[in-house]
Structure formats: structure tokens, C-alpha cells
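> Residues per chain, in single letters:
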Amino acid sequence: MIASFGLAALWFAAALALLQLVAGGLSLTRNTQAVTDLVRPAAMAQGLMAALAFAVLIYLFCVTDLSVLLVAKNAHSATPFLDKFARAWGTLEGALLLWVTLMGLAGGFIALVERRLPERTMLATLAAQAFVSIGIYAFLLFVMNPFVRANPAPKEGLGLNQLLQDAGLAFQPLALYTGYVGLSVAFSFMVGALITRQIGPAFARAMRPWVLGAWIFLTVGITTGSFLAYHANGRADWWPGDSATNASVLSWLTAIALLHSNSALAARDALRSRTIALGALTFAMSLVGTFHPFLTWAMGKQLWADFHSMNAALLAAMLMKLPWLGIALAPIVALVSLVPLRGRKLRMATLPHWGVAIAHLGVAAALFGIAADRAFTVERLVAARQGDTVQVGPWQAELARVDPVAGPNWTALQATLQVRYDGGSAQTLMPQARTFWSPQHGTNAAAVATRWNGQLYAVIGDEVSEDRWQLRLWWKPFVTLIWYGGLLIALGGLLALIGRVQSDLRRVIAKDKIAYRRMRQGR
Amino acid sequence: MNLVLAIALGLAGFALLALGLKVPRKSWRMTGGAFALGLAGFALQAGPVLPGAPKEANQRLATNGAALVDVRQKLAGNGTMPNQWMVISDAMTRNGQFGNAAGVVLGAIEQNPNNADAWLSLANNLVAHADGRLTPAALYAYRRAALADPQHPGSRFFLGLAFTSSGQLKEGRAQWVDLLASAPPDAPWKTDLTMRLERLDAFIAAQDQGAVP
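Residue numbers (our numbering), protein chains in the order written: chain A, 1 to 523; chain B, 1 to 213.
Check the hints yourself; a few may be wrong.
Said to hold, decoys possible - On the chain B side, residues computed to face chain A include the following (Cβ under 7 Å):
#1 L5
#2 L17
#3 L19
#4 V23
#5 P24
#6 A46
#7 G52
#8 K55
#9 H129
#10 D131
#11 G132
#12 T135
#13 P136
#14 Y140
To be clear, the hints were calculated from the coordinates, so they are not data collected in a lab.
Here a beta-carbon is modelled for each residue, glycine too, at the ideal position from N, C-alpha and C.
Here chain A stands alone, though its shape is the one from the complex (with noise of 0.2 Å):
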């Protein structure tokens, strides 16, 4: 019944998306006030009512409910509750409910504050949400419906991908989707400005902190995407290579290309044409970053995989090239980063000027921590039996003991490694090989010790002979300023965008000041 009440809401939601589309187009062609002041709520009420409709996918995988095909395909009794919460939108479906309901939200949102653009620019953004969203209601509700019953209900759910058991892991794909709906959002605003003729600073102001703000959540999600996928896929990859981080990349570099289009725009009335441009690339690439599951069936999977490969090559063979270029390059960067400050007392730099530089300053620091990666890392693949002494780097290892263990949900063989950094003391790591049993998998679950200089990254393998273990060690220098320095490029852009949230603020209050004197000295 529950699951009912969940499909209703979606198709109420897609009824308000349509009339938000309708609304808003009548509202252009006809001034016709009664139209024009439907279009604001409805968003409101479709942001609301999408948000019922996914609230209620979450309620059906908490509680298992096998009555439901999605969760009887994907979920567990056995499984963890976070895990249980967190599969809502690791199934296709639920992703796009996800989608859906981010964007209804944010169409809410805008309807609600944004009063900076001219009134049919406004009305034209959100019937161009309106018409990006019902796309995906119509997918939703005839082809990859997340609220289709299972009859009879199965006794027991079919589990899904252990690997997002991490908590990270779970979490991660919601900062992305995030970023998607972000540019998707702006992709609507400059629709919006297309239709009215409205290309201009204004415009560009307005669309600047969707922007900045998905751009900033894309940067989160990439970043702790590879630091999790690192932990969990038990190879020290930082890079997962993996047809959704590859699509992530390419949007978050086109929002770049955006982002520094757009800011000449609002300050200069500069580069129109480009940023139009860019805007239909960065939401070609946001989509491409959400629906590359179904991208992989609509072209075929063979086509996906060459089109993947090809990335893939191009991004290897940069990365071959980058270890000492980037060691070269990463320095400068750093200086450069430097440049919006220079001249200005610091305590008068304003926040978009800080959050420039640290921006910036997080570029220098990962290109110098992939380039270092790639070029310092050590690696050892060992049999080792208990008591033996690895060494990797300024690193030795001793396997102790190995012991069968148990989780929540699996059951692993877990050894106890005594490492040491350069004969100093003794550190305990306890990598994992990890059975699941619903469904069947097994995964890695690696140790690292980290220190200031680098990661030392451990994962047991295989017994190949009686007391004989697999052991593969990393010695990483400097990789953790991959992450570090993604969360600088992340906090950059928080601190630009809260100095350009204010500063639109303050503008807007000085406005409604002159209006208000200019009111009341009857002008």
C-alpha cells in the first residue's frame, strides 16, 4: 500500500511538471496574470511531491520490503541499516528518482527566492526545467519504474554490490548527482535568458552560484569517489577508471570552462556566445554523468567500452607523460595561484579572492600528488608465511598471524601485519580478503598507515600453498594530496561562492533601500 502511495506521488509530480510547462509557456505567449502566477507554486508543489515519492523508495528499502521488484531485487534482509538506506539510489531507478526529486527541489527553490531576473526570464527558466524534468518522468513511469510490485513477493531480497557497503561509497554518488542537477539548473536559466533575449550580467549573476555550487559538489563527489574507491578496490588505484568517474570528469572540467566563461560575462558583458556554448556542453556532459548506464545500452555495449577506452588511452597517456612534468608544473601553479592576492592587503582581500587562490592552490597540490604517485610508488607482491619480513620502500612489513573473522554480513580471513618506517616503531594493519555470501562476492578490505609523506597500502590475497600467503604492499609518497588537495579546490569554491552570495545580497538590500527612500520621498 505504502509503495502505491509512493507511485502516486510520482505521478502527481510529473502532472505539475507538465503544468509547469504548460504554465510557464502560456505565460510567455499570453499575459494572462492568473497563468503567470500558477507557475511559481507548481514548482514549489512538484519540488514537494517528487521528494514524497523518493522519501517513500527510502522507506521501502529500509524496511526490505520484498513486495516491491526493486527491492526484492537489490536488497537484504542481513545487510546493515545504513547500507539498507543507501541502496535507495544505488539501483538505476532510484538514481533517477534521485534526479528527479534534486531537481524539483531546486526548481522550488528558485521559484521561491530568485526575484533578480526579470519575471519571463524567470518564467521561461523554470517551464525549461519543467520540459528537462518530464523526460525523465515519462522514463521513470513507463520504462524504469522504481514502484513496480513483485507478486508473489520473493522470501528474501537478491543483495547488490557489496562494495557499497562502505558508508563513502553509499553517500558519494548523492554529491554527484548533486553537481549534475546543479548544471542542469543552469542549463535551465540560460534557456530561460536564450527565449527572453536576456544575455547579459544579470543573467550571468543569477546563474553564476548554480554554477559554482554544482561545480563545487562535483569537485566533493570526484574527490572522495577515488579516496573511497582507493580504500575499497584493493589495487591503490586512486583512479577507478570507471565509465561514471570518467563522466564526472568531463563534466566537472567543462563547469570549469563555464565557470570562468560566465564570470567574464557578469563583470565585462564578455565571451556571450562562448558561454552559451559551454553552458549546452557542461548540461550535454552532466547528462552523459547521469545516464551512462543507459548509454551503455542505447549505443551498445562494445561502442561504450571503445568510447570509454579512448578516454581512458588519452588520460593514461597524459598521466604517463605527468609524472615529471607535473612535479615541474605543480610548483608554478602554486605561485600562480597566488596572483589574486598580490598587491591587496590580506586581511582586505575579499572571500572570492581567497577562494580563487585556494582554489588554485588545491590544483598545484593534487597535480603534484598524482604526478608523485605515478612516478615514486613502490610496489612488492609477496607469498609470505607467518613471521616473514617484506620490504617496500623505507617500509618493513612482517606478517604476524592470519585469522578467519566474521561480519555483519561476511566472513574474511584477516592478517595482522607489523610494519615499521625505516625500524622505527611498530604499527598494526589489518587487510582483509572478505567473503559475502548474498549475493556471492568477495572484496578486499585494504589497511593503509598513513603518514606525512605517504601511504603505505597493504592487501591480503590468496593462500597459494599451505601457510602461504599473497601480500601485495604500496609505498605511496605524497598520494594523499590527491584528496587534500580536492578538498582545497571544494573549499575555494565554497569560499568564492559565499563572498558572491553575500556581495549579490548586499546589492540587493542597497537596491530595496533606494527603493524604499525613493518611495517614501514620492518619487
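Since chain A is already given, all that's left is putting chain B on it; use the hints.
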């Protein structure tokens, strides 16, 4: 009942727009039309009324923890002195808390890595925790039990049991045949094991003839 709920939701949404968000009265017809469209779509798509089927995590119903402990202790004979870790672990096993029991019994193994009974208890708990599946961790624990005390019948018996419960019948049979062949003539568990082997052979024969899926 579904339709009633959907109508109620639609009315609530309409009320939110009309009264809460102050949509002009002239637009109420258009708004109502949108909700009617949504309701029609739901009515066409929603199937018959089906109850929900929420599922809580089960206790491991298929595994009798008390039986595991009793049989293990019988096979160990009277010479084994239980230590505090084993007492606590066995109590957890009897209550079906196999994962926790596995964690506790590691304490006994740390005290004495050659405690065959502890290794056996650990292996059994790991199998029961995995819903009867013989995971690499459990297999390793059985092997360590056999290494710690090659004469202990428990490791081959329970390994055979684990093989059969995870569907590897022939591997399970091989363990029991090997155990029976090396059993002392006066072993108290010989009769029970012989009967189990006979039942297993009958089951395998029936399976081979296609009588059992």
C-alpha cells in the same frame, strides 16, 4: 484502497497549491486538471491491491546452535577443559549469535593457537554465520583444527557437514568416509556417523536418478 489514498494525496496537493501557495482562483481549473491527469495515470498503471512485505533480519533458523555445541563437545571427549572464552562463545552459539561467538572464540585461539576445540568452534560459527556456506575463512579454520589435533574427529566430521550443507555432497561424503575408515573400533560416535553416511548415500543416489532436484 490504493485509489482512495491517491485521491486523498491529490486533494492534499491541490489544497497546498490553492490555500497554502495562493494559486489564483482562475487557475484552479487548470491545477485540478493536472491532478486529475496524474490520478488517471496512476489508476491506469497501479495494479491490484497488494500488501507490503517488509522483512526483518532473521535469526539463523536453519542452524541449531545448541546442537553444534553439544556434538562438538561430545566429539572432543571428556579430556577437554573449557576455558572462559569457550564458555562465553558456546553460550552465544546456543543463542544463535554465531558472528559474535566467532569473535569471542578468537580469544581462546590467541591464548593457545593449538587449541583444536577452539578452532573447530570458530569454523562451525563461521559456517553458521554464513547461512550454512563454507567460506574460505571457515575452511581455513577447519584446516587449523585438523593441524592442531590430527586425531580429533571433529574437524573431518564438521567439515563434511559443512560441505554437505553448502551442496558439495561428494566432498562431504569423502570427509566422512575418511573419518569412518580411521575411527577406533570403540569410538562412541561411529554408529551415528555410519547412519549419517547411509542417509547421505541414499540422498546422492536419489539425486543422481533425478528424483531430487
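> Does each hint hold? Answer for all of them.
Each hint tested on the structure:
1. L5: This hint holds: L5 of chain B lies near chain A, its Cβ roughly 5 Å from the closest one there, short of 7 Å.
2. L17: Nearest chain A Cβ about 5 Å off; hint holds.
3. L19: violated (11 Å)
4. V23: holds (5 Å)
5. P24: holds (4 Å)
6. A46: Holds, because the Cβ-Cβ distance from A46 of chain B to chain A comes to roughly 6 Å (cut-off 7 Å).
7. G52: holds (5 Å)
8. K55: This hint holds: K55 of chain B lies near chain A, its Cβ roughly 4 Å from the closest one there, short of 7 Å.
9. H129: holds (5 Å)
10. D131: holds (6 Å)
11. G132: violated (9 Å)
12. T135: It holds, given that the least Cβ distance between T135 of chain B and chain A is near 4 Å, below 7 Å.
13. P136: Check passed: Cβ of P136 of chain B comes within 6 Å of chain A, closer than 7 Å.
14. Y140: Status holds, d = 5 Å.
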